[in-house]
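2 protein chains.
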Amino acid sequence: MMNDETMRLVIGIDLGGTNIKAALIECGGGGVVASVSRLTLDGEYVDGVPRFALTVQEMVVELEERAGQGKLRAGLSAPGLARRDGRCIQWMPGRMDGLEGLDWADFLGREVRVLNDAHAALLGEVWTGAGRGCEDVMMLTLGTGVGGAVFSGGRLLRGCLGRAGHLGHISVDGKAARDDFNTPGSLEDMIGNQSLWRRCGGRYANTHALVAAAAAGDSVAAGLWLESVRHLAVGMVSLINVLDPELVILGGGIAAGAGEQLLGPLRGWLDELEWRPGGHQVRLALAAAGEWAGALGSAWEVRGES
Amino acid sequence: MMNDETMRLVIGIDLGGTNIKAALIECGGGGVVASVSRLTLDGEYVDGVPRFALTVQEMVVELEERAGQGKLRAGLSAPGLARRDGRCIQWMPGRMDGLEGLDWADFLGREVRVLNDAHAALLGEVWTGAGRGCEDVMMLTLGTGVGGAVFSGGRLLRGCLGRAGHLGHISVDGKAARDDFNTPGSLEDMIGNQSLWRRCGGRYANTHALVAAAAAGDSVAAGLWLESVRHLAVGMVSLINVLDPELVILGGGIAAGAGEQLLGPLRGWLDELEWRPGGHQVRLALAAAGEWAGALGSAWEVRGES
Numbered sequence: 295m296m297n298d299e300t301m302r303l304v305i306g307i308d309l310g311g312t313n314i315k316a317a318l319i320e321c322g323g324g325g326v327v328a329s330v331s332r333l334t335l336d337g338e339y340v341d342g343v344p345r346f347a348l349t350v351q352e353m354v355v356e357l358e359e360r361a362g363q364g365k366l367r368a369g370l371s372a373p374g375l376a377r378r379d380g381r382c383i384q385w386m387p388g389r390m391d392g393l394e395g396l397d398w399a400d401f402l403g404r405e406v407r408v409l410n411d412a413h414a415a416l417l418g419e420v421w422t423g424a425g426r427g428c429e430d431v432m433m434l435t436l437g438t439g440v441g442g443a444v445f446s447g448g449r450l451l452r453g454c455l456g457r458a459g460h461l462g463h464i465s466v467d468g469k470a471a472r473d474d475f476n477t478p479g480s481l482e483d484m485i486g487n488q489s490l491w492r493r494c495g496g497r498y499a500n501t502h503a504l505v506a507a508a509a510a511g512d513s514v515a516a517g518l519w520l521e522s523v524r525h526l527a528v529g530m531v532s533l534i535n536v537l538d539p540e541l542v543i544l545g546g547g548i549a550a551g552a553g554e555q556l557l558g559p560l561r562g563w564l565d566e567l568e569w570r571p572g573g574h575q576v577r578l579a580l581a582a583a584g585e586w587a588g589a590l591g592s593a594w595e596v597r598g599e600s
Numbered sequence: 295m296m297n298d299e300t301m302r303l304v305i306g307i308d309l310g311g312t313n314i315k316a317a318l319i320e321c322g323g324g325g326v327v328a329s330v331s332r333l334t335l336d337g338e339y340v341d342g343v344p345r346f347a348l349t350v351q352e353m354v355v356e357l358e359e360r361a362g363q364g365k366l367r368a369g370l371s372a373p374g375l376a377r378r379d380g381r382c383i384q385w386m387p388g389r390m391d392g393l394e395g396l397d398w399a400d401f402l403g404r405e406v407r408v409l410n411d412a413h414a415a416l417l418g419e420v421w422t423g424a425g426r427g428c429e430d431v432m433m434l435t436l437g438t439g440v441g442g443a444v445f446s447g448g449r450l451l452r453g454c455l456g457r458a459g460h461l462g463h464i465s466v467d468g469k470a471a472r473d474d475f476n477t478p479g480s481l482e483d484m485i486g487n488q489s490l491w492r493r494c495g496g497r498y499a500n501t502h503a504l505v506a507a508a509a510a511g512d513s514v515a516a517g518l519w520l521e522s523v524r525h526l527a528v529g530m531v532s533l534i535n536v537l538d539p540e541l542v543i544l545g546g547g548i549a550a551g552a553g554e555q556l557l558g559p560l561r562g563w564l565d566e567l568e569w570r571p572g573g574h575q576v577r578l579a580l581a582a583a584g585e586w587a588g589a590l591g592s593a594w595e596v597r598g599e600s
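Top line first, the protein sequences correspond to chains A and B. Here this note's numbering is used: the first residue of the first sequence is 295, the next is one more, and so on. Here this note's numbering is used: the first residue of the second sequence is 295, the next is one more, and so on.
Hints in this document: simulated from the structure, not taken from any laboratory. Please note: incorrect hints may appear among the correct ones.
Repeated chains share a single entry, so a pair holds when one copy, or any two copies, can fit it.
In silico SDA-like pairs for lysine to any residue, Cα to Cα no more than 20 Å straight-line [as the list claims (entries may be wrong)]:
| hint | residue 1 | residue 2 |
| --- | --- | --- |
| 1 | Lys469 | Arg449 |
| 2 | Lys365 | Glu405 |
| 3 | Lys365 | Glu352 |
| 4 | Lys365 | Gly427 |
| 5 | Lys469 | Ala516 |
| 6 | Lys469 | Gly562 |
Required output: the full structure, derived from the provided sequences and hints.
Here you go:
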């Protein structure tokens, strides 16, 4: 079946800090035909080469053999800022040592396009998830931190350093303390998991616990959660006025876990704060492309004409 | 001279609330070959047609006769949100009655492209002003309000309603009062002239007076101005993280009037607040395309290949 010449395949690789996910992806509709997952083992080396790079190489060979279509193009999603020519991650300090500057086209001996992980996740949503058929989409990923990406006029926003779409690092309270990126009162610091301990004085272990407590009638939790969601709404209306999307996709563990307990109060705040010219209201959706979104989005860039 | 066949011309029109400026523009380099200016007279009608529309028509005929190249394409810059097909302003409540929905291609009997005025001003800067040769630029216009526009990857950001680039309507203080667009603590409310009275308790008539008093040693004025500039810096670093421009252009009466008294303290705040991956710093520049920027930017859209 995989040798069917009518089904053109590419490889999508999602290189994360914990796992590497790779998939054979069908160029026409973005179907995941085969997939493998391995541990990243960040920090390990074999003869001076980062283990994650060798693992990616092995996974590519394995998938390519299964496809039986000769050498396949590959997309690779990774943390950090991708270089303009798409051959490497140019900037990723602090972890994934050996990733910065690694030329994946040379290393894997084929056409490779490297993408920032948040950019890839959005493109995965646009290809097969909540953003199908949309030209103007922004995505916010609510997890440990707050990530994001922007699709505008049918194109990914990259910016001059590949930094565009760092939506968690907008200020929603200019007088508050600065985050890791120097932004005072950033959206990330208002709703990301990593700041919850500080925001709740250690009362809730993570945002799931906070949301569960709020749902169970804990008024302190309810107040904290509503405040977090209001900050999110403030950031979202700012971004809506800058980017004018037709759709905002909410992804990440917090959005997936909270679901309607996020969307309900968020809609309420947006009713107050969103600029709606001519009554036009931005649509909201939860991410829907699933765990292969990053691999899919990176493959989208090398899929060619379908 | 204007009949020289080697110099292709288009017409650029900047329809403002007070004046209409129109120019014959040379397609290759954006030179203003001839120009006319007339009053808008917003609210006046002739046989049910807004006077400004008839005036634009007369100006187009006059410039076209001077060009002697037959029917010319035209760009038109106007306040409000331009429709996706570029034939009209679709949304402009409150003033310029008769502008909403007016199909300029039909009315002027030629190919016309209608642009939002802030979008046009940025394209004028990209064509012949401070943004020449740049692919990723954002512009903030500091005047009565705060306007803006974004050029990303060599393209104007429009968004789904033509609203993209409303950079004055981002929040820099989510707990403050809402502005006309429902944004709490908007950048516009922190540095635009229209909010100065409230911000300074009526002590300074306008931002020029505030900046002059600060320069003359008035410590209250200096404190207020520094606070305004810090809010601007907070908004700018948020936008830099979202849009990743190589250049930020500052335009409008406040930027033109304050010059180094704006740029000096702004650079100081950006040294504290800007995320600079790998030491990369965003360039700042004052707008340089002059009073014809809007006409030029609207003409840029119809200039064709040069």
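Hint numbers not upheld by this structure, sorted from lowest to highest: 1 and 4
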